[in-house]
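Peer 1: Below, each chain spelled out in residue letters.
Protein chains: 2
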Amino acid sequence: MTIRPIIPVILSGGSGSRLWPLSRHARPKQLLPLLGDNTMVQDTVLRLRGPRFLDPIFICNAAHGKIIAQQMKDIAQAVSAIIIEPMGRNTASCGVVASLQALQQQKDALVLLLPADHHIADEAAFEKAIIQAAIAADDGHIVTFGIEPTRAETGYGYIERGEALNSSAYKVKSFREKPNGKTAKTYVETGQFYWNAGIFLFSPHVMMAEMKRHAPDVLTHSQAAFDDLQKDGVFYNLDKICFGECPSISIDYAVMEKTQHAATVPADIGWSDIGSYDALHKARQNADRMSLTGDIILQDCENLFVQSDGPLVCAVGVKNLAITVSDGKVLVTELEASQNVKNITDRLKQDGRVDDL
Amino acid sequence: MTIRPIIPVILSGGSGSRLWPLSRHARPKQLLPLLGDNTMVQDTVLRLRGPRFLDPIFICNAAHGKIIAQQMKDIAQAVSAIIIEPMGRNTASCGVVASLQALQQQKDALVLLLPADHHIADEAAFEKAIIQAAIAADDGHIVTFGIEPTRAETGYGYIERGEALNSSAYKVKSFREKPNGKTAKTYVETGQFYWNAGIFLFSPHVMMAEMKRHAPDVLTHSQAAFDDLQKDGVFYNLDKICFGECPSISIDYAVMEKTQHAATVPADIGWSDIGSYDALHKARQNADRMSLTGDIILQDCENLFVQSDGPLVCAVGVKNLAITVSDGKVLVTELEASQNVKNITDRLKQDGRVDDL
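Just so you know, the protein sequences line up as chains G and Y, in that order.
To get our numbering, take the position in the first sequence, counting from 1, and add 20.
To get our numbering, take the position in the second sequence, counting from 1, and add 20.
Chain G on its own, in the form it takes in the complex:
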């Protein structure tokens, strides 16, 4: 069967504060070469090259837009548009803006809406899942990719699958908030639950219709902001006043949890959101459980992530730590506690230390 062309719409709104001080407000996680030579947004784009895909659209803020334009140039990647949000309004508005832009570019295209800062180790499996999702999307479903859970993670939302649509896609029975540990364990044991990775594939017509039904406010204001946008080369600046009036709400809350058309394609693709130093270490580590970047001397150490942008870093008799030296800031965190690095950036914010963020 024929697969409709797919437009990647890449959301680059995250601040990656759990990876501070590597990830900074001015250059967050997705704009850094955390795994290999390419930045995460470059890798995200490079995974979606080929005859099936149209040139990508980006949605981000103005400062990051300029960096993305340069990073795309650096990998000789043509860009459809870099849509600039005057302020963050979560992901529901992105669903509208992505759909409108896609419809302008190519009427029959599907939209692949995905974050700029996820790692996918098995690219062949990802492409296969995209094709499966495209079939379901062509049938009028809004497809969310369901990541096969490898542990009872409490940091993600879960998708409960319902009846099978075909051999590779299911109706969504329910979306579940981030569970506690016990509930997460039950989810994993049943085999009916997937991690919600925030990757969606849909026809823009369907998305617009479901927005109209379930989130008319989001639709109205996002569309107004899009209709009044100012073009500046590849940069499309959404209208500030209209966009400011748009509710700040996720696409999950606004549409996915309400629509009758939600489907999921299970995807065993080596996915990670690299959401903490622990996750980055797991994606990077060598056979000795070490991830070492920079001028480093170790004595009697085990299972360490160490990264320095210059200063000599020495460690003695320690294990299960991430040690990061970046731009004159030093972080030492227990790997398992590394989700809580966010508390540090929250403190910096409270204390008005914007230059350190």
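Hints are not guaranteed to be accurate.
The list treats identical chains as one, so a pair stands whether inside a single copy or across any two.
What the hints assert, rightly or not - Derived pair list, reagent style SDA-like, types lysine to any residue, alpha-carbon separation capped at 25 Å: (1) K339 x N323; (2) K339 x N363; (3) K198 x Q319; (4) K369 x G314; (5) K198 x D320; (6) K339 x R309; (7) K369 x I317; (8) K362 x Q319; (9) K127 x H234; (10) K369 x I316; (11) K369 x E322.
These are computed hints drawn from the structure, not numbers from a lab.
From a predicted model like this one, the values you see are computed outputs, not experimental measurements.
Chain Y: place on chain G using the hints.
Peer 2: Relative to the frame of chain G, chain Y by itself:
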């Protein structure tokens, strides 16, 4: 009874490599304000002010001599002499040089030979021990201060006490090398053993006679180096050729283990050689077991030493660590393993990274 005047002779030859990167070749531990506002050598001198004491003599290398002169000026401390060693020759030669200089200054003085980098919490008890030692020294003994052991430490030599000379001093029965853990435990349990802190009190006549008997080579070459010294204000430069021929041997090996005149005065004086980050942390920590100096943000941490000379240091979910940021170098060490920081400086030496030492 009358106590003979005492000349402090302060040995400032250590490199403090276990406290790297705080302690550096150019400015080692004894020249740093590790505890309070004064440097360790300043505190060492300030403990020995008063009518009993003559102005101190220092023995050190040329670069450190200049810093010591300045640090003494900063606390308005007069100095007898700063004797400059052209190269390190361990402590036996210091015993000779100290004795010769003391004899030139005041014939009837006793010499208090002590390291520049020890911490003594109970200064009143220290002064009392000095008086007790002076009485034994006046009787012709070379007195070594025996620190009451508070744990089965394997990092120090031990002194075994023999028969009592009076109510406060004992003959030394034996000196013991650094023991293993089991032996150290036995030592502590018997109550007959003390830590050898390398603090000595003696009459220079006795020291010279015992050097002549037990270490004539040390005596000959040290005396020749002293006889040919070049004075430059307060700096007394030992002759390089003569001093270079002197055997490099400790005063313990050369004299104390052989002489019949060794005595010990037990001293419960809150002594620490601040020989590791663990020891520094114990001397510094607040009631919450934290020693924090600099721009620091902590989240869910316990029992930490953190010191930064500028960069913001953040820690999350860690405990029992020392984290030091100094002069563009970063060290993270388990407190209990902090003796092994020396392996790091050994590695730097091997790799020819002299600027980092």
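Peer 1: Taking the hints in turn, state whether each one holds.
Peer 2: Going through the hints against the structure:
{"no.": "1", "hint": "K339 x N323", "verdict": "both (5 Å within a copy, 16 Å between copies)"}
{"no.": "2", "hint": "K339 x N363", "verdict": "both (22 Å within a copy, 17 Å between copies)"}
{"no.": "3", "hint": "K198 x Q319", "verdict": "between (39 Å within a copy, 23 Å between copies)"}
{"no.": "4", "hint": "K369 x G314", "verdict": "between (29 Å within a copy, 19 Å between copies)"}
{"no.": "5", "hint": "K198 x D320", "verdict": "between (38 Å within a copy, 23 Å between copies)"}
{"no.": "6", "hint": "K339 x R309", "verdict": "both (10 Å within a copy, 21 Å between copies)"}
{"no.": "7", "hint": "K369 x I317", "verdict": "between (33 Å within a copy, 13 Å between copies)"}
{"no.": "8", "hint": "K362 x Q319", "verdict": "between (29 Å within a copy, 10 Å between copies)"}
{"no.": "9", "hint": "K127 x H234", "verdict": "within (23 Å within a copy, 101 Å between copies)"}
{"no.": "10", "hint": "K369 x I316", "verdict": "between (31 Å within a copy, 15 Å between copies)"}
{"no.": "11", "hint": "K369 x E322", "verdict": "between (33 Å within a copy, 24 Å between copies)"}
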